[in-house]
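Each protein sequence line maps, in turn, to chains A and B. For the first sequence, counting from 1, position 69 maps to 69 in the working numbering; every step adds exactly one. In the working numbering, each residue carries its 1-based index in the second sequence increased by 1000.
The hints are simulated quantities; they were obtained by calculation from the structure and are not laboratory data. Glycine residues also receive a C-beta, built at the ideal position from the N, C-alpha and C atoms. The reader is advised that the hints may include incorrect statements.
[Stated by the list, open to error] Partner residues are not named here, just some residues of chain A that face chain B (Cβ under 10 Å, in silico):
no., residue
1, Arg22
2, Leu34
3, Ala35
4, Val59
5, Tyr70
6, Lys74
7, Thr111
8, Ala115
9, Leu123
10, Asp124
11, Ser134
[As the list claims (entries may be wrong)] Computed list of lysine-lysine pairs in DSSO-like fashion (alpha-carbon distance at most 30 Å, straight line):
no., chain 1, residue 1, chain 2, residue 2
12, B, Lys1095, B, Lys1031
13, A, Lys11, B, Lys1140
14, B, Lys1074, A, Lys43
15, B, Lys1008, B, Lys1043
16, A, Lys95, B, Lys1031
17, A, Lys43, B, Lys1095
18, B, Lys1095, B, Lys1110
19, A, Lys11, B, Lys1031
20, B, Lys1043, A, Lys95
21, B, Lys1043, A, Lys110
[Unchecked claim] Example chain A residues on the side facing chain B (calculated, C-beta under 10 Å, incomplete):
no., residue
22, Lys31
23, Leu89
24, Arg119
25, Gln126
Number of protein chains: 2
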Amino acid sequence: MENKKGYKVFKFESDVRWTQARECTISAPGKPELAVSSPPEFKGTPGLWSPEDLFVASVNVCTLMTFLAYSHHKNLLLVGYECSVEGALEYSNGKYRFTEITLHPRLTLKTQEDAERAREILLDAQNNCLISNSILAQVKIVPDFQVASSAT
Amino acid sequence: MENKKGYKVFKFESDVRWTQARECTISAPGKPELAVSSPPEFKGTPGLWSPEDLFVASVNVCTLMTFLAYSHHKNLLLVGYECSVEGALEYSNGKYRFTEITLHPRLTLKTQEDAERAREILLDAQNNCLISNSILAQVKIVPDFQVASSAT
């Protein structure tokens, strides 16, 4: 499907089914079913992913995927990428909402030169992550770069 | 933690680790690890959840969880709730972003009176879903209500 200006429109579909208490499953054809619950803070079951978790993780993963696409395009060889994320849900302007999502990516590259290039590409990814573009929360990135030979 | 006005601040944390190609895992202590990929449209692996899927599903699940919390508070007995969701990602104001998320919940209640109460509670849930409050996309709900004895 295309919109008025000829840009493609992408659709993402899935299903939710309430199972019991504050729990449900999400499903989509060909994908593994996932049990989800309210977080324990909101009377949910510990040990299950919550919608808040999925929301925050989607920003984290989308930033990585954007970085991988740009790295591929620019022939940057990535050795490793891990990223912890923290999303803050707080009362703001009369409603609870996510106000800030902070990513702490730890990137490993082959050389110092690659690390410098990765820094630029990560900034580009931050500015063009389509999920960050879709939310009201401020997305902060606090990166750490390591060179493989000196990586611990 | 509390913010300046005494409202509690909730934090949601998880980790992402790049595994290969356009794939990664998300993890959090005590929760099942989840493999995630770019969607096939963006060179990812079919059959895995994408960040776009997780984002759209988080809106769907959060609406359900808000509805369940309000139903509990108002002593409404729910028989069944299933909801398909469609998120539209399109080019808007110079960037790709999610512009519209449409939920099609199918609720089953015990009586017609309960169905009418569920309609009001669902509207309340729509207006107070904390993830819908956190995004730029318009969230539309097109509900269908059934009474258990007449449910197919």
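**Request:** Please write out, lowest number first, the hints stated earlier that are contradicted by the structure.
**Result:** The structure conflicts with hints 5, 6, 7, 8, 9, 10, 12, 15, 17, 18, 20, 24, 25, although it agrees with all the remaining ones.
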